[in-house]
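Asker: So you can see what is in the structure, the chains are spelled out below.
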Amino acid sequence: MNNGNGRRLNGETEEDDDDEGSEGDLDAWERTYADERSWESLQEDESGLLRPVDNTTLYHAQYRRRIRSLSSQATTARIQKGLIRYLYIVVDLSRAAAEMDYRPSRMAVVAKHVEAFIREFFDQNPLSQLGLVTIKDGIAHCLTDLGGSPESHVKALMGKLECSGESSLQNALDLVHGYLNQIPSYGHREVLILYSALSTCDPGDILETIQKCKKSKMRCSVIGLSAEIFICKHLCQETGGSYSVAMDESHFKELILEHAPPPPAIAEFAIANLIKMGFPQRAAESSIAICSCHKEAKVGGGYTCPRCKARVCELPTECRICGLTLISSPHLARSYHHLFPIVPFDEVSPSVLNDPHNRLPRSCFGCQQSFPNPGNKPSLRVACPKCKQHFCLDCDIYIHESLHNCPGCESFRHSKSPIATEE
Amino acid sequence: MPSAPTKLYADDVSLLVVLLDTNPFFWSTSSLPFSKFLSHVLSFLNSILLLNQINQIVVIATGCNSCDYIYDSSLSTNPGIENGKLPALCSELLKKLEDFVTRDEQLNKQHSLPPTTTSSSLLSGSLSMALCYIQRVFRSGPLHPHPRILCVQGSSDGPEQYVAIMNSIFSAQRSMVPIDSCYIGSNNSAFLQQASYITGGVYQKPQQLDGLFQYLSTVFATDLHSRAFLQLPKSVGVDFRASCFCHKKTIDMGYICSVCLSIFCKHHKKCSTCGSVFGQAQSDVASASNLKRKTPET
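These protein sequences, in sequence, are chains L and G.
In terms of the UniProt record's numbering, the first sequence has 137 at position 137, counting the first letter as 1, and numbering is strictly consecutive.
In terms of the UniProt record's numbering, the second sequence has 61 at position 61, counting the first letter as 1, and numbering is strictly consecutive.
Read the hints as simulated data drawn from the structure, not as lab findings.
Please note that the accuracy of each hint is not assured.
Think about it this way: if two alpha-carbon atoms lie no more than 27 Å apart in a straight line, the pair counts; the simulated DSS-like pairs of lysine-lysine are [stated by the list, open to error]: (1) G:LYS205 x L:LYS217; (2) G:LYS266 x L:LYS81; (3) G:LYS270 x G:LYS249; (4) G:LYS249 x G:LYS205; (5) G:LYS109 x L:LYS388; (6) L:LYS298 x G:LYS234; (7) L:LYS160 x L:LYS112; (8) L:LYS276 x G:LYS248; (9) G:LYS266 x G:LYS234; (10) L:LYS276 x L:LYS233; (11) G:LYS248 x L:LYS81; (12) G:LYS269 x L:LYS217; (13) G:LYS96 x G:LYS36; (14) G:LYS109 x G:LYS96; (15) L:LYS309 x G:LYS205; (16) L:LYS388 x G:LYS96; (17) L:LYS386 x G:LYS109; (18) L:LYS295 x L:LYS309; (19) G:LYS205 x G:LYS36; (20) L:LYS276 x L:LYS81; (21) G:LYS248 x G:LYS266; (22) L:LYS309 x G:LYS96; (23) L:LYS276 x G:LYS266; (24) L:LYS81 x L:LYS309; (25) L:LYS215 x L:LYS233; (26) L:LYS214 x L:LYS233; (27) G:LYS95 x G:LYS36; (28) L:LYS276 x G:LYS269; (29) L:LYS309 x G:LYS248; (30) L:LYS155 x L:LYS212; (31) G:LYS205 x G:LYS269; (32) L:LYS81 x G:LYS96; (33) L:LYS276 x L:LYS155; (34) G:LYS269 x L:LYS81; (35) G:LYS270 x L:LYS276; (36) G:LYS249 x L:LYS309; (37) G:LYS249 x L:LYS276.
Could you put together the complete structure from these sequences and hints?
Answerer: Put into structure tokens, the structure is as follows:
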């Protein structure tokens, strides 16, 4: 990105790749001394040894703010989340996607992160389905239909990465609207638009299209790669989605992965319904059957639909013969942590730490890492409000982001938190 | 969240986290006495440490009221290390285990658990602690042993721990940590079978408990790299069917509430878990494709 001398003019030879920043005349190795000053990221500790600046507490403080804000929304809104999601990802492959402000090009960065997002999406929402749409030359094409298998989406995306032409937001919304109208009423309709262009070239009135989407209860979110655009902001405000603009590649990754966990559901948007689903048994190892997805004979290792007895290769899927949704109980269990989230841990205040009357645990309850002696530094431990055990900052992040169980609450039978009946 | 660990150590260095079941309700009725069981397990642990100089072992005890760390072979406070001899893990481990069991029983008395409740051990707690420890090992730098978890369990599954155990299993799957299970109880444990299947570990129920050391050392002592070319017991008949919330019977076709994912075996008008009324539009806009319109129940 050029912020110093000169705008980027089309058609002129550009040397901006080498001379970014305001000092056009310093070489890269000189810039590490003049601009980046790597020696400033070192600090002396008490014994005079050098060590890098402790970023963990800063990182942890940011992380805690994020968790706090998420949990305060959730508790006030009675934790209703849209667990069965039908999401379309719209990838903008117009001329603007070839810009090189993201290395190697916006398109390549978007494709890489969309792949990671697809895997994360199916990991967190096993009952949901995803589809891909691209915008090229002003026309929207459906790359893949709504489906539950990550491999087919990723393969289709990586196979067709070329960009040209204008971008048209209205065509994309019309196409997605047509597809999402056909899904069952209990599903949550969502669109995620990854927009690189700064304009949209539409055949009609886009505001009408936006009203149409709003009436069909589609939640549209946009992640911009260039700058904030009014029409995207209007679209997101009208439909209840979120609009964000990425500043760099790691920020883009963070923004897109924020859409992986189920968003808070707006109750009127989807009608509660009982969905008939099957729980197939695994076929015996030596059984031979013709599988309904590949149409060839396979030995052992598949699943049998309980209604029509057709063989399918993997779960979750929809039986091709009778249309029954087939899942296994772990797939449902993957979503239970959204319904029973754990409370954020509280920081242990330094006054408690320094009080000599308190008998404090010396090591983290989860990983047994010993805590450094409390001093005047910000506290490096957190405590669970229910079981009162102390944990280190890394365990805190792991517990809340991946494990979703508090080891302390699980390890003591009588310090119980209400967990609904299951199985 | 760390991704797959980088393999810079030699391939066969392993970190084994053993979750030992010390539930007194199970051991009082088991055919294998606890002391014999411990001798099998201790010989097994010693043999793991002999396989490679940098192998590590961590033992966590799963009680019926609490869980705790018993032994960590990487701590340098182990006695005997300065003589150049192999640290004798017996004495320290046994002492800590005894303290743990005593404390666990105290908790039993404090809360006066009625003896008729089906007592399960707190597997979810020890799995969670094991996973936190393994995350710490991942964070320790590029050179670390390959972790895996071995559950030696005899108590039956506690259905109240289902959600917590499934969360731990999925987290282990993401971090690529296999969970092996050696089940020494009477019927098969569905939770452990699912755990081993999903994470890529080995589930085995030994037929003859007095040869337990043989099962442990031939099946569970294998490190992750060698498993690619060894024939280990295959998973047979993992039951992934769900149980309905209303009768707790296993079903192979059921109805799922779209809001809270509760499973029912018959069509109901209202979800008993989240209270949503089915088929009823919650806003003014009529829905097109609904089966029936029900007036909301009071």
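Asker: All hints, please: hold or fail.
Answerer: Comparing the hints with the structure gives:
| no. | hint | verdict |
| --- | --- | --- |
| 1 | G:LYS205 x L:LYS217 | violated, 52 Å |
| 2 | G:LYS266 x L:LYS81 | holds, 24 Å |
| 3 | G:LYS270 x G:LYS249 | holds, 20 Å |
| 4 | G:LYS249 x G:LYS205 | holds, 24 Å |
| 5 | G:LYS109 x L:LYS388 | holds, 22 Å |
| 6 | L:LYS298 x G:LYS234 | holds, 19 Å |
| 7 | L:LYS160 x L:LYS112 | holds, 13 Å |
| 8 | L:LYS276 x G:LYS248 | holds, 18 Å |
| 9 | G:LYS266 x G:LYS234 | violated, 35 Å |
| 10 | L:LYS276 x L:LYS233 | violated, 38 Å |
| 11 | G:LYS248 x L:LYS81 | holds, 25 Å |
| 12 | G:LYS269 x L:LYS217 | holds, 24 Å |
| 13 | G:LYS96 x G:LYS36 | holds, 18 Å |
| 14 | G:LYS109 x G:LYS96 | holds, 20 Å |
| 15 | L:LYS309 x G:LYS205 | violated, 31 Å |
| 16 | L:LYS388 x G:LYS96 | holds, 23 Å |
| 17 | L:LYS386 x G:LYS109 | holds, 22 Å |
| 18 | L:LYS295 x L:LYS309 | holds, 15 Å |
| 19 | G:LYS205 x G:LYS36 | holds, 18 Å |
| 20 | L:LYS276 x L:LYS81 | holds, 20 Å |
| 21 | G:LYS248 x G:LYS266 | holds, 12 Å |
| 22 | L:LYS309 x G:LYS96 | violated, 54 Å |
| 23 | L:LYS276 x G:LYS266 | holds, 10 Å |
| 24 | L:LYS81 x L:LYS309 | violated, 33 Å |
| 25 | L:LYS215 x L:LYS233 | holds, 18 Å |
| 26 | L:LYS214 x L:LYS233 | holds, 14 Å |
| 27 | G:LYS95 x G:LYS36 | holds, 16 Å |
| 28 | L:LYS276 x G:LYS269 | holds, 14 Å |
| 29 | L:LYS309 x G:LYS248 | holds, 24 Å |
| 30 | L:LYS155 x L:LYS212 | violated, 32 Å |
| 31 | G:LYS205 x G:LYS269 | violated, 43 Å |
| 32 | L:LYS81 x G:LYS96 | violated, 45 Å |
| 33 | L:LYS276 x L:LYS155 | violated, 30 Å |
| 34 | G:LYS269 x L:LYS81 | holds, 21 Å |
| 35 | G:LYS270 x L:LYS276 | holds, 15 Å |
| 36 | G:LYS249 x L:LYS309 | holds, 21 Å |
| 37 | G:LYS249 x L:LYS276 | holds, 17 Å |
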